[in-house]
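Novice: So you can see what is in the structure, the chains are spelled out below.
Protein chains: 2
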Amino acid sequence: MSEKIVTAAVLVIGDEILSGRTKDRNIGYIAEYLAGIGVDLREARVVPDVEEEIVAALNALRARYDYVFTTGGIGPTHDDITADAVAKAFGLPIDEDPRALALMRERYKGGELNPARRRMARMPVGAALVDNPVSPPPGFRVGNVIVMAGVPAVMQAMLDTAAKSIDTGTKMTVATIDAGAIPEGRYAEALGAIAAGDRETIIGSYPSYADGTFRNQIVVRGRDPARVEATRAAVEAMLADIRDARSR
Amino acid sequence: MSEKIVTAAVLVIGDEILSGRTKDRNIGYIAEYLAGIGVDLREARVVPDVEEEIVAALNALRARYDYVFTTGGIGPTHDDITADAVAKAFGLPIDEDPRALALMRERYKGGELNPARRRMARMPVGAALVDNPVSPPPGFRVGNVIVMAGVPAVMQAMLDTAAKSIDTGTKMTVATIDAGAIPEGRYAEALGAIAAGDRETIIGSYPSYADGTFRNQIVVRGRDPARVEATRAAVEAMLADIRDARSR
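Residue numbers (my numbering), protein chains in the order written: chain A, 1 to 248; chain B, 1 to 248.
Treat each hint with caution, since some may be false.
The list treats identical chains as one, so a pair stands whether inside a single copy or across any two.
Unchecked claim - Think about it this way: if two alpha-carbon atoms lie no more than 30 Å apart in a straight line, the pair counts; the simulated DSSO-like pairs of lysine-lysine are:
#1 Lys-164 - Lys-23
#2 Lys-23 - Lys-171
#3 Lys-109 - Lys-88
#4 Lys-23 - Lys-4
#5 Lys-4 - Lys-164
Quick caveat, the hints were computed from the structure, so don't treat them as lab data. For clarity, every value in this text was computed on a predicted model and none was experimentally measured.
Using the sequences and the accompanying hints, generate a full structural model.
Specialist: Next up, the structure:
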């Protein structure tokens, strides 16, 4: 089976996440979305609205992964500095993009397109537009970096557009097995032995806690559906043995 | 006014966040918690359960910030590799900690303390324990790195314990001003002028979107309450001018 791997990182830009004011919902959304189209999210970072921090993170991530998706910092206010940071990271000049400006002229009525809003047409020279069906200014893409809004509804619409132009890989097959109230410590050794037997499938054990009890799920992931299925069956058999031993 | 700045980063360790299976709730919780005790969260990263990734992120972050809080990867299963990664990052040996083991011996009954669970007593030699009132195994601290569980309820309990032993700085004073339905693009220029007038206070403009409309909040933050108050008043006056101009 020929497997293709495409990787990505998310860069969340915004003081509001680091100050605790806003709870990020974009990392989780993008993670799930990319998994669904066959792109592996390998890393996420949150940085403040500070140009050198954004530039450093962008350059680290874009060199390492096939794609970088940024969220935040593309509005009309003084704290929106993402476009300038992306231009600086790529060593590109930044200018008002005539296509973006034309779009915004259509979408803003009367005198609405003031200088602050016009700033949102500024992007690194050579950028491709990422359409925004929710509000007037578009996102953009430069090289492997896709620049999106921070507001979840706008980001999600832009991601739908951007996803059409990216390369995708072999999707992960995922099997989730409910271990219920069997404690992790009870099955850890046997699960480790199953994991050691097939390095191509990834097994994770995930506890959750509510009302004073832990409940666990075991997740098997891999690009070869047959191997995922074989590992899933081995995990189910292992859990059945533990349940049997308990009921005896 | 003498201001003291203490900084931190969060390192979330776990494939389940990057695959989209689990939505992280720890970054937002820690961000808000640290802001409340006078610690500035400056960066957050999410990395997979891969030792060299964890080590690289730890070494980048611990060199740069006063504290690093990690979440995840300290359970009994094969995918829990945080303790080993932390030991490697510090170049320390790892071994069963006698205090941790004693605690776990008290807390696990009968034959429950099997080899998989005993693994949770392994930590870098010289680590301090971070008490865990929710489940038997403790977290730990090495140098400026505080290692906590990934399950939110357990992480939160460990953070309460860990916070007692960290240095804290001057808390940020925060003023939130509701701009309601006034569009960002309408006040952006005037807000930028206010921001340029006082570089010590940080002004953010945060749109949210629901039911087809954007609503905005302006947040003013700074360590000097008097300056925050002056900036807040200037922002309120600016918004009042815009509302007046509209109603004329």
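Novice: Please go over all the hints and tell whether each is borne out by the structure.
Specialist: Do the hints match the structure? See the list:
no. : hint             : in the structure
1   : Lys-164 - Lys-23 : both (28 Å within a copy, 25 Å between copies)
2   : Lys-23 - Lys-171 : both (29 Å within a copy, 20 Å between copies)
3   : Lys-109 - Lys-88 : neither (32 Å within a copy, 59 Å between copies)
4   : Lys-23 - Lys-4   : between (34 Å within a copy, 26 Å between copies)
5   : Lys-4 - Lys-164  : within (18 Å within a copy, 48 Å between copies)
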